[in-house]
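The residues making up each chain are set out below.
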Amino acid sequence: MNDFKLNEMHFSALQELGNIGAGNAVTSLATMLGRKIDMKVPNVQVLDFKQISHIIGGPENPVAAVLVNINSENINGMMMFIVELEKSHVLIGALMQRETKELGEIEMSALQEVGNILTGSYLGALSTIFGTTVDMSVPYLSIDMAGSVLSVPAIEFAKVADSALFIESLFDADEGDISGYFILVPDQDSFRFIFGKMGLGI
Amino acid sequence: MTKNVIIVGMADLNVMRNPGMLTTLGLGSCVGLNLYDPSTKICGMAHIMLPDSKTIKNNSNRAKFVDTATMDLLARMKAAGANLRGLKAKVAGGAQMFALNTANESMKIGQRNSDALLKLLKSLNIPVIAKDVGLNYGRTIELYTEDGRLVIKTIGHGTKTI
Chain X
10 MNDFKLNEMH FSALQELGNI GAGNAVTSLA TMLGRKIDMK VPNVQVLDFK QISHIIGGPE
70 NPVAAVLVNI NSENINGMMM FIVELEKSHV LIGALMQRET KELGEIEMSA LQEVGNILTG
130 SYLGALSTIF GTTVDMSVPY LSIDMAGSVL SVPAIEFAKV ADSALFIESL FDADEGDISG
190 YFILVPDQDS FRFIFGKMGL GI
Chain U
1385 MTKNVIIVGM ADLNVMRNPG MLTTLGLGSC VGLNLYDPST KICGMAHIML PDSKTIKNNS
1445 NRAKFVDTAT MDLLARMKAA GANLRGLKAK VAGGAQMFAL NTANESMKIG QRNSDALLKL
1505 LKSLNIPVIA KDVGLNYGRT IELYTEDGRL VIKTIGHGTK TI
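Chains as they are written, first to last, in the numbering used here: chain X, 10 to 211; chain U, 1385 to 1546.
Cβ-Cβ distance ranges computed for the label pairs, FRET-style: (1) U:K1544 x X:E122: 32 to 40 Å; (2) X:T40 x U:K1506: 51 to 59 Å; (3) U:K1506 x X:G32: 48 to 56 Å; (4) U:R1469 x X:I115: 53 to 61 Å; (5) U:K1544 x X:E95: 22 to 30 Å; (6) X:N16 x U:V1535: 36 to 44 Å.
Straight-line alpha carbon distances no greater than 30 Å define the calculated DSSO-like cross-link-like pairs of lysine-lysine that follow: (7) U:K1506 x X:K168; (8) X:K45 x X:K96; (9) U:K1503 x X:K59; (10) U:K1515 x U:K1425; (11) X:K59 x U:K1462; (12) U:K1387 x X:K59.
Derived by calculation from the structure, the hints in this document are not laboratory data.
Being a predicted model, the structure only gives us computed values, none of them experimental.
Even glycine gets a Cβ: it sits at the ideal position worked out from N, Cα and C.
Excised from the complex, chain X in its bound form:
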């Protein structure tokens, strides 16, 4: 526990995992929506805590965030899927095949389910890579300012890293109207497990 510190190499390893997990999630989304989604090269970023709030349209930008807790034998922590509120309407609209302007109860639960499926596919990819089960909690939804929902994974990350959070802006549909972000925050022991499996010490 004493020497736990993430370096550049660990972050590139996490970025690589992010690419794989996100790729899987986007495939699920395309299936769900029944349309082609061209995933851009994922923009994986490592940020200072001070910079965190400035992604996803600024700290006060309204977003919808779906959080799942990960509780498994080897991998624990949390994962979040975030979409700008404005774009969540497009996502839900595409899913429900009708125009959506307001997020009512049905839309919110649909959004929660989308988050559930996307984080599930992302984690499913990691489960395959590491040959271990990855169990997740039910999804929890929050609609609020980007900065405030991001504080939740940021705080988890603050426990293991000095000043950076691993985040990636994710997919962009061919029409450029669907996008979202994933944040994966394993706890300390899970980092050890992941990096151990990847042949990196910590």
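Once you've looked at the hints, dock chain U against the given chain X.
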């Protein structure tokens, strides 16, 4: 009209002399410490992420923790010429952003942050004259040097001044 504005980021702190305003945008489970010295109108704000530097190994970023951030902010205010004996505190934030199973201790981090801060301020004999903590929504806070008022803005939960 306020001339000087400093945005305090996550795990960050700063001091402002009159006339000016310190703000932190989208405070969630982090807790905001706001200090005001009425005699010099010097204000200080810290955006704190975790309750205790001593339980975490990666603690070189002192603004991350209640204990070290508070000490550093007090030192900065003193250096700026504030009278520490006359300080008044206002505390905001520490929300629980997701309606998670509260049996999970790490999920109650918002409350742990605000509890730790209020306890520390009490032990330092700094009176907390107002607070707006907990609940389940984010807050943008603005601390004004003229009178030490703290304006709290939210999405869907109104705006108030404490």
